[in-house]
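Chemist: Sequence lines, in order, name chains P and U. Read in our numbering, the first sequence has 174 at position 174, and its numbers run on one by one without any break. Read in our numbering, the second sequence has 382 at position 382, and its numbers run on one by one without any break.
Read the hints as simulated data drawn from the structure, not as lab findings. Some hints here could point you the wrong way.
Same chains, same label: a pair holds when it works inside one copy or across any pair of copies.
To be verified - Here are the simulated DSS-like pairs of lysine-lysine, each with C-alpha atoms no more than 30 angstroms apart in a straight line: (1) 295 - 106; (2) 106 - 219; (3) 182 - 84; (4) 106 - 326.
None of these values were measured; they are calculated from a predicted model.
Protein chains: 2
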Amino acid sequence: MENNFIISAVMTIFSKDRVLFDYQSILIYGKDLTDVLPPPHALCVVFPQDKNELVSLVHFANEHRLSLVPSGGRTGYSGGAVAKQNDIIVSFEKMNHIVDFNAADKTLHCEAGVTLKAIQDYAKQLDLFYPVDFASAAECQIGGNIATNAGGLHVIRYGSTRQWVMGLTVITGRGDILGCNKGLVKNATGYDFRHLFIGSEGTLGFITHAILKLTALPKKTKVILFSVSNNQAITILLSVLQQAVSLIAFEFFCHTAMQCVMQAEQIAFPFQKNTDFYGLFEYESDDTVDLIIEKILQDQLNKNNISEILMSHHEKEANHLWRYRKGISRSLKKYFPYKFDLAVLPSTIFSFMRAAADLLRNKYAALETVWFGHVGDGNLHVNVLKPETVSEKDFAVRCAEISETIYAVIQHFNGSICAEHGVGLLKKPYLHYSKSDSEIQYMRGIKNIFDPNHVMNPGKLI
Amino acid sequence: MENNFIISAVMTIFSKDRVLFDYQSILIYGKDLTDVLPPPHALCVVFPQDKNELVSLVHFANEHRLSLVPSGGRTGYSGGAVAKQNDIIVSFEKMNHIVDFNAADKTLHCEAGVTLKAIQDYAKQLDLFYPVDFASAAECQIGGNIATNAGGLHVIRYGSTRQWVMGLTVITGRGDILGCNKGLVKNATGYDFRHLFIGSEGTLGFITHAILKLTALPKKTKVILFSVSNNQAITILLSVLQQAVSLIAFEFFCHTAMQCVMQAEQIAFPFQKNTDFYGLFEYESDDTVDLIIEKILQDQLNKNNISEILMSHHEKEANHLWRYRKGISRSLKKYFPYKFDLAVLPSTIFSFMRAAADLLRNKYAALETVWFGHVGDGNLHVNVLKPETVSEKDFAVRCAEISETIYAVIQHFNGSICAEHGVGLLKKPYLHYSKSDSEIQYMRGIKNIFDPNHVMNPGKLI
Numbered sequence: 001m002e003n004n005f006i007i008s009a010v011m012t013i014f015s016k017d018r019v020l021f022d023y024q025s026i027l028i029y030g031k032d033l034t035d036v037l038p039p040p041h042a043l044c045v046v047f048p049q050d051k052n053e054l055v056s057l058v059h060f061a062n063e064h065r066l067s068l069v070p071s072g073g074r075t076g077y078s079g080g081a082v083a084k085q086n087d088i089i090v091s092f093e094k095m096n097h098i099v100d101f102n103a104a105d106k107t108l109h110c111e112a113g114v115t116l117k118a119i120q121d122y123a124k125q126l127d128l129f130y131p132v133d134f135a136s137a138a139e140c141q142i143g144g145n146i147a148t149n150a151g152g153l154h155v156i157r158y159g160s161t162r163q164w165v166m167g168l169t170v171i172t173g174r175g176d177i178l179g180c181n182k183g184l185v186k187n188a189t190g191y192d193f194r195h196l197f198i199g200s201e202g203t204l205g206f207i208t209h210a211i212l213k214l215t216a217l218p219k220k221t222k223v224i225l226f227s228v229s230n231n232q233a234i235t236i237l238l239s240v241l242q243q244a245v246s247l248i249a250f251e252f253f254c255h256t257a258m259q260c261v262m263q264a265e266q267i268a269f270p271f272q273k274n275t276d277f278y279g280l281f282e283y284e285s286d287d288t289v290d291l292i293i294e295k296i297l298q299d300q301l302n303k304n305n306i307s308e309i310l311m312s313h314h315e316k317e318a319n320h321l322w323r324y325r326k327g328i329s330r331s332l333k334k335y336f337p338y339k340f341d342l343a344v345l346p347s348t349i350f351s352f353m354r355a356a357a358d359l360l361r362n363k364y365a366a367l368e369t370v371w372f373g374h375v376g377d378g379n380l381h382v383n384v385l386k387p388e389t390v391s392e393k394d395f396a397v398r399c400a401e402i403s404e405t406i407y408a409v410i411q412h413f414n415g416s417i418c419a420e421h422g423v424g425l426l427k428k429p430y431l432h433y434s435k436s437d438s439e440i441q442y443m444r445g446i447k448n449i450f451d452p453n454h455v456m457n458p459g460k461l462i
Numbered sequence: 001m002e003n004n005f006i007i008s009a010v011m012t013i014f015s016k017d018r019v020l021f022d023y024q025s026i027l028i029y030g031k032d033l034t035d036v037l038p039p040p041h042a043l044c045v046v047f048p049q050d051k052n053e054l055v056s057l058v059h060f061a062n063e064h065r066l067s068l069v070p071s072g073g074r075t076g077y078s079g080g081a082v083a084k085q086n087d088i089i090v091s092f093e094k095m096n097h098i099v100d101f102n103a104a105d106k107t108l109h110c111e112a113g114v115t116l117k118a119i120q121d122y123a124k125q126l127d128l129f130y131p132v133d134f135a136s137a138a139e140c141q142i143g144g145n146i147a148t149n150a151g152g153l154h155v156i157r158y159g160s161t162r163q164w165v166m167g168l169t170v171i172t173g174r175g176d177i178l179g180c181n182k183g184l185v186k187n188a189t190g191y192d193f194r195h196l197f198i199g200s201e202g203t204l205g206f207i208t209h210a211i212l213k214l215t216a217l218p219k220k221t222k223v224i225l226f227s228v229s230n231n232q233a234i235t236i237l238l239s240v241l242q243q244a245v246s247l248i249a250f251e252f253f254c255h256t257a258m259q260c261v262m263q264a265e266q267i268a269f270p271f272q273k274n275t276d277f278y279g280l281f282e283y284e285s286d287d288t289v290d291l292i293i294e295k296i297l298q299d300q301l302n303k304n305n306i307s308e309i310l311m312s313h314h315e316k317e318a319n320h321l322w323r324y325r326k327g328i329s330r331s332l333k334k335y336f337p338y339k340f341d342l343a344v345l346p347s348t349i350f351s352f353m354r355a356a357a358d359l360l361r362n363k364y365a366a367l368e369t370v371w372f373g374h375v376g377d378g379n380l381h382v383n384v385l386k387p388e389t390v391s392e393k394d395f396a397v398r399c400a401e402i403s404e405t406i407y408a409v410i411q412h413f414n415g416s417i418c419a420e421h422g423v424g425l426l427k428k429p430y431l432h433y434s435k436s437d438s439e440i441q442y443m444r445g446i447k448n449i450f451d452p453n454h455v456m457n458p459g460k461l462i
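Isolated chain P (complex conformation) (with noise of 0.2 angstroms):
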């Protein structure tokens, strides 16, 4: 009765074609890319058009107290956008419209719902570039991007997506409508409530919009896959390349991913021989930097840290080359892993790796474990595969109690326990790891301070 009544006033915000409740709707809405939380629940389903819908919403939701939930792409891994019982979810996917783009300023003004490939494919029909780049480019939306500072395969080259967002419209928790930066380069007006958004998760209010800057293309771009003999020669190459070229991307991954993405993609073995580590580069060509590239290459042969070398030349090359590394995630789908989402300073990447490696190797060594990542980021996936004997609920327990060993590594390391992923419901018991209790107060004050009712995506993150 409640629920309908619920249901009921929230049709009158938002025309009746625009609300869902059907269970089936809720199962596509109200779940991101995670599979180890129970299914998710919800009352409803809304399509808003516009930021003044979402307002009625907010200010409605607040009156009954009631939880909204933001669904983007919902290609997320932490499960910051399941909903649970009586939340309302709210999807971004009818505010998919590019609102305008500045010439001079050479700056895209969007709606919350467009997807990163729309920008990316947009930005180079003027010649121009957006940057940030992943594999879910095509599912995932700008609004979460931003509400996840997601990162990405280009953060060595180009930053996160913070870097890229020049102005927010946001609605707060409290229905207030603010706009945040407005596009502007230089703004010293105090604190920039831009950068409280990013990364905030929906805990704080909604994206509705946002001003995002675009670069110029790159170059002619060529990427390399090779092999290594251990996962030292992967930073002495990483060191040498950086110290003469400047690289877009610098990646790495274990022979276990290989094998992985190998058997999805349907694709070979791309080498002579099996290493225990490989590696991917991508860099701006031109004949200075190409002669450059072959001659690291080349004293990295002869010194036997690099075992084996292919080379895109042109596109459709590189784009094949970039399938082993970024078809590990979907890969492993099959296998339910268990996801960390690491980061500790870059140059801490391996005696963290190595410290993790021997405390799972010591501790769970019946476990496969599958690593890969960003190393010149820091940032380190590390996927424990459930055995095909293990129950899922078994599963769980094991991976909450490796979740307490290798974070408690992270801790010591200063690291992080979410690099690009975000916090969510998954990660959330394990926040203090990366933040002290104080500054976990702090957080929970200015969540006060926004959504006092904490109307917006309650239980997630903090």
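Given chain P's structure and the hints, the job is docking chain U onto it.
Modeler: For chain U alone, coordinates are given in the frame of chain P:
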């Protein structure tokens, strides 16, 4: 009596030689470069040597409801470091150590009182570059740079201070020490307090340490000083240059600025004939780029957009050409200038300038104004000079009037009343022209979370 009690108590926190209470010291440490504010007052100046002393001081201040005013290099123009009756001034002069340098990560860990120049020099010794720069580099301190998100001459290429801060240690107004981000490249664990403290002007707490990113030194650079017949030509040149090469700086200034700087620096007029506006740009030079620049300049000369050019051939000449721009602010000091530090979208800087200049001409024809700024960042410095015949008091009244006029135009342009100099005391009455009432309310809410008893730089910013 009460004051004596406070000073004795403060002396139990700091050694006796690190507390000064003579009026001369208060005059020195209790003000910035702002001339239009009344002289400072304070109980004393303290010189902490470490963060524990600061924590004790903050607790003491909370207990007795005292106010603490951070005092860095005091090169600000907004009165952000100006002390009043019963304040305790906290100088960071003795917290001026570089703690360490991480060569692999290219990050520098330092105390808040290190001068910008010391950081620039330290980086240079390592063949690296800290790219934020302004005329006051030798005096200003990094803590103050961060507290105001200082911009300066290289923003067009390297961004503001914000972009170079990888971590902060802060002491909040409650006396908690927070380690914000700790140097990580990737960290998605919720609200990023580092970015909240950047630009907070000491109103949330003290910044005690920073981790700064260094980058590669630019290649050999060249500087071009040029004159134009109209301001339209400046944006045309900027736009043509930006499409062809990467600029390190792009500045402009009016003929009055040129006259002031020539007189103050005792340097000759560098061109054949006077024009209304002059510009200066710097770029990374190599044979290819030099040819492109030469072609662009020749083309602009032929089109009569540019009137004359002077090019540097070595560092000494480059420094000399920069004097015409860097010396402006200093050269105006004797005219008691009322300084506007405005920003709009870079694409609208000259439309804004036209609107503002028309207003000033119509309403305040008798007042001389000096215009200069960073065209590529949309940042315009308008200086209204005090006529000799007008008293300081009358001038202040008139400037308050002008402020309302100019800021109304800024509001119309969705611009910022403070681009890079901060709000402080001086711009606080006008903050509502850049921030909405509800945004200011949220700012107050945040202030209350970090500093509930308002001991931190009270009365500034909000």
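Chemist: Now tell me, hint by hint, if it's right for this structure.
Modeler: Tested hints:
In this assembly of identical chains, residue 295 and residue 106 lie within 30 angstroms of each other by CA distance solely across copies; the values are 24 angstroms between and 37 angstroms within a copy. With identical chains, the CA atoms of residue 106 and residue 219 are at most 30 angstroms apart both within one copy (18 angstroms) and between copies (26 angstroms). Proximity of residue 182 to residue 84 under the C-alpha cut-off of 30 angstroms is found in neither arrangement, the shortest distances being 34 angstroms within a copy and 34 angstroms between copies. For the homomeric pair residue 106 and residue 326, the shortest alpha-carbon distances inside one copy (29 angstroms) and between copies (28 angstroms) are both at most 30 angstroms.
When held up to the earlier numbered hints, the structure conflicts with hint 3 and nothing else.
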